[in-house]
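Residue numbers (the working numbering), protein chains in the order written: chain A, 1 to 293; chain B, 1 to 293; chain C, 1 to 293.
Hint data in this document are derived by calculation from the structure and do not stem from the laboratory. Virtual Cβ for every residue (Gly too), placed ideally from N, Cα, C. One or more of the hints may lead you astray.
Derived DEER-like restraints, expressed as beta-carbon distance ranges [what the hints assert, rightly or not]:
1. Lys-24/A to Arg-267/B: 48 to 58 Å
2. Glu-205/B to Glu-205/C: 24 to 34 Å
3. Arg-267/B to Asp-47/A: 42 to 52 Å
4. Asp-77/B to Asp-276/C: 44 to 54 Å
5. Thr-206/A to Lys-59/C: 18 to 28 Å
6. Thr-84/B to Gly-7/C: 35 to 45 Å
7. Thr-84/C to Asp-276/B: 56 to 66 Å
With a straight-line cut-off of 30 Å between C-alpha atoms, the simulated DSSO-like cross-links for lysine-lysine are [stated by the list, open to error]:
8. Lys-195/B to Lys-59/B
9. Lys-195/A to Lys-272/C
10. Lys-24/B to Lys-272/C
11. Lys-272/A to Lys-59/C
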Amino acid sequence: MAYETLGWDIDDGMLMLTLNRPAKMNAFTVQMCDELADAYARASRDDAVKAIVVTGAGKVFCAGMDLSVDGNVFGLDETLPSPTLADMTERLHEPEIERGLRDTGGKVALAMYDCLKPIVGAVNGVAVGIGSTMLLPMDFRLASTSARFGFVFGRIGITMEACSSWFLPRIVGLEQALEWCYRADIFDAEEALAKNLVRSLHPPETLLADAVAFARGLVAGRSAVGIALTRQMLMRNHAARHPIEAHRIESLAVFHAQGGDGSEGVRAFREKRAPDFTSRASAMPPFYPWDAA
Amino acid sequence: MAYETLGWDIDDGMLMLTLNRPAKMNAFTVQMCDELADAYARASRDDAVKAIVVTGAGKVFCAGMDLSVDGNVFGLDETLPSPTLADMTERLHEPEIERGLRDTGGKVALAMYDCLKPIVGAVNGVAVGIGSTMLLPMDFRLASTSARFGFVFGRIGITMEACSSWFLPRIVGLEQALEWCYRADIFDAEEALAKNLVRSLHPPETLLADAVAFARGLVAGRSAVGIALTRQMLMRNHAARHPIEAHRIESLAVFHAQGGDGSEGVRAFREKRAPDFTSRASAMPPFYPWDAA
Amino acid sequence: MAYETLGWDIDDGMLMLTLNRPAKMNAFTVQMCDELADAYARASRDDAVKAIVVTGAGKVFCAGMDLSVDGNVFGLDETLPSPTLADMTERLHEPEIERGLRDTGGKVALAMYDCLKPIVGAVNGVAVGIGSTMLLPMDFRLASTSARFGFVFGRIGITMEACSSWFLPRIVGLEQALEWCYRADIFDAEEALAKNLVRSLHPPETLLADAVAFARGLVAGRSAVGIALTRQMLMRNHAARHPIEAHRIESLAVFHAQGGDGSEGVRAFREKRAPDFTSRASAMPPFYPWDAA
Numbered sequence: 001m002a003y004e005t006l007g008w009d010i011d012d013g014m015l016m017l018t019l020n021r022p023a024k025m026n027a028f029t030v031q032m033c034d035e036l037a038d039a040y041a042r043a044s045r046d047d048a049v050k051a052i053v054v055t056g057a058g059k060v061f062c063a064g065m066d067l068s069v070d071g072n073v074f075g076l077d078e079t080l081p082s083p084t085l086a087d088m089t090e091r092l093h094e095p096e097i098e099r100g101l102r103d104t105g106g107k108v109a110l111a112m113y114d115c116l117k118p119i120v121g122a123v124n125g126v127a128v129g130i131g132s133t134m135l136l137p138m139d140f141r142l143a144s145t146s147a148r149f150g151f152v153f154g155r156i157g158i159t160m161e162a163c164s165s166w167f168l169p170r171i172v173g174l175e176q177a178l179e180w181c182y183r184a185d186i187f188d189a190e191e192a193l194a195k196n197l198v199r200s201l202h203p204p205e206t207l208l209a210d211a212v213a214f215a216r217g218l219v220a221g222r223s224a225v226g227i228a229l230t231r232q233m234l235m236r237n238h239a240a241r242h243p244i245e246a247h248r249i250e251s252l253a254v255f256h257a258q259g260g261d262g263s264e265g266v267r268a269f270r271e272k273r274a275p276d277f278t279s280r281a282s283a284m285p286p287f288y289p290w291d292a293a
Numbered sequence: 001m002a003y004e005t006l007g008w009d010i011d012d013g014m015l016m017l018t019l020n021r022p023a024k025m026n027a028f029t030v031q032m033c034d035e036l037a038d039a040y041a042r043a044s045r046d047d048a049v050k051a052i053v054v055t056g057a058g059k060v061f062c063a064g065m066d067l068s069v070d071g072n073v074f075g076l077d078e079t080l081p082s083p084t085l086a087d088m089t090e091r092l093h094e095p096e097i098e099r100g101l102r103d104t105g106g107k108v109a110l111a112m113y114d115c116l117k118p119i120v121g122a123v124n125g126v127a128v129g130i131g132s133t134m135l136l137p138m139d140f141r142l143a144s145t146s147a148r149f150g151f152v153f154g155r156i157g158i159t160m161e162a163c164s165s166w167f168l169p170r171i172v173g174l175e176q177a178l179e180w181c182y183r184a185d186i187f188d189a190e191e192a193l194a195k196n197l198v199r200s201l202h203p204p205e206t207l208l209a210d211a212v213a214f215a216r217g218l219v220a221g222r223s224a225v226g227i228a229l230t231r232q233m234l235m236r237n238h239a240a241r242h243p244i245e246a247h248r249i250e251s252l253a254v255f256h257a258q259g260g261d262g263s264e265g266v267r268a269f270r271e272k273r274a275p276d277f278t279s280r281a282s283a284m285p286p287f288y289p290w291d292a293a
Numbered sequence: 001m002a003y004e005t006l007g008w009d010i011d012d013g014m015l016m017l018t019l020n021r022p023a024k025m026n027a028f029t030v031q032m033c034d035e036l037a038d039a040y041a042r043a044s045r046d047d048a049v050k051a052i053v054v055t056g057a058g059k060v061f062c063a064g065m066d067l068s069v070d071g072n073v074f075g076l077d078e079t080l081p082s083p084t085l086a087d088m089t090e091r092l093h094e095p096e097i098e099r100g101l102r103d104t105g106g107k108v109a110l111a112m113y114d115c116l117k118p119i120v121g122a123v124n125g126v127a128v129g130i131g132s133t134m135l136l137p138m139d140f141r142l143a144s145t146s147a148r149f150g151f152v153f154g155r156i157g158i159t160m161e162a163c164s165s166w167f168l169p170r171i172v173g174l175e176q177a178l179e180w181c182y183r184a185d186i187f188d189a190e191e192a193l194a195k196n197l198v199r200s201l202h203p204p205e206t207l208l209a210d211a212v213a214f215a216r217g218l219v220a221g222r223s224a225v226g227i228a229l230t231r232q233m234l235m236r237n238h239a240a241r242h243p244i245e246a247h248r249i250e251s252l253a254v255f256h257a258q259g260g261d262g263s264e265g266v267r268a269f270r271e272k273r274a275p276d277f278t279s280r281a282s283a284m285p286p287f288y289p290w291d292a293a
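My request is simple: use the sequences and hints to build the entire structure.
Next up, the structure:
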């Protein structure tokens, strides 16, 4: 799949994924949805990718859904007869539902949730609507001091999307999530930092280099399967009803590692040398994925 | 239903709900439980109500359960033969359980959880026991600098109620929730602010006006169904096991909006004018409620 | 069961549980796993124990898994043929799985989760690997200014354990949990405090006395069953899908208390005297435990 709305560039293990419609302020379209979902899945399979940095071309990160397109701006099929929760449960992958009903931002968010590589946002400017909600399934959000955010859905009479009713309160708390969604206004980088939406602020001129260095530091010298499992275990297990659900997966993960990178890690530790890990995220252990929803 | 323990006053979309037993420091009774549960349901149905501000008459918010009443102070039927979890699951709405076993604070908390309008607390003074736990299902807690709080159940040999074992750790974290419940003491507004129990502190003389202005700012110019869905989506979806549960609801919400307030919102945005939203929370879309527990 | 790796000392209701392999920096072994799991269960049954303080002998808390032991350092059976999630679900208590597959840290964490007494950590020095993750199911972590922490599993090619993929993000947030696990480095007490991993820092020479005084303050004058239920209700109910799950348990807890310590508490309150609570955690009400996973 060749991307028209995205840049895809790998440099020494770091994938730079760039929202690339600068003439349209990188506004989100159905095509960008499909390309982003494809790109995150492709990054999972591609062993050359160790971590992902996401940014926007030009001075904006993403100005939200492109409301200037012809037809249904949400990419939905208005002729669907009164869809129900059962349609979203039992018929999720039928073309009529997949194309006509499913929220496009949500498809991207679920692809990010499933991703096997750490995702670092480099929020280089305005990020509103889907531009803000697509940041939430990332592992980390680094932002330029000139970044702006906004869960502005209420301004146009719609509601939050991209699974943000799940992600946002888990990151900033239920009260702050309610406040930003009711307010539906644009807020600055300082507020985003103070309320823990972003990890750190950076000068515009160093943001990208800082984000790449940060991402590289997370994965350098690490087991690729270990990184992938760490991400998936935290994303999935923390929302479990009971800690025994985590215990089940963790036991399998440690058992699997001791036949591979874990043995090498212990040997290297005893021999006081750097380990030589060889696992590949393209060959995950058989217990993964453990809850294919 | 005429209220004897509550004030109900609507002014330009703002419902002022007042705990109104000032001679008893607004202490909570079985009657107040019934009236509060009724009031939150009524506010959901009444399109004249856009947001709710809750406060106490006089200098106190709520001094807790009224321990001076005759009979069982908890409003329970002591003669019930050894009730079980099955009683609370399978027989929840049978009169014997409904009246004799169900925690009164929990009935109020569940009515607040289900409410379709934002709820802003204006904590004007002492709020202990149920006075503190009834604050937790609110969207926001604004407090007077003279407010006092306390999860004091341990002082009288009982345990936390009003679904606070679910709400409190979600607001302030598990460790702080454990500490306050073990300590069971009264703490001041500064501690409540420092630990994120309240959103902001206000001088006693401006608290009520500040709370009304804040509540009004959340809903002014917004879609009534959009506000109701935003509240319900965040309250319910953030506790889901997997983000796809949020995706299902969000997809239905966006689909539904694009046939109503969403279309008007996009038109108004393109025409650079204020939108004219017409939806009513008394006519919620058919997919709501999506988990009637 | 006599402990060889632990100290067990009760003084006026306070159990001091000491990791006691100082010549090995209190490194964790399969034997220590078994003894810790036994000790937490024993503390639940022993009415002489009101609260638990956990610390390490000497200058270290716990240096992690003992990688110097012979055989499989993780205590696993490498000959198990490709274990699956079904093994961890359906065969959890079969000896082959119990001994050969289950993560040892997770067995300790689940015993702590089930414990009926508050657990206060007195982290007196280095706490890495399982030394850090065994802190997470505690109610509170107090630390010496000289303490050091580290979720270092990635250094040796394995992944987080001891149910920490459930506990850690609930304590410090998903983003911070991801960062520490990817970094896999050692960090100091100041960072642990700033990120809410620990409750407070203490001079090394007063840490233990401070922790005992803090623990004593949590339980002095309290109902033993009330404390046990408070801990279990917060640990279990906060992770529920819907607040009605908390309502069910809370209703049973208040109903049960009003026939025991709750009646005494209300009488004492009316008579303006200190209550005389008589319940024992060795005789929990019949609705406990309510989700035996």
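If you check each hint against the structure, which ones fail?
-> 1, 2, 4, 5 and 9
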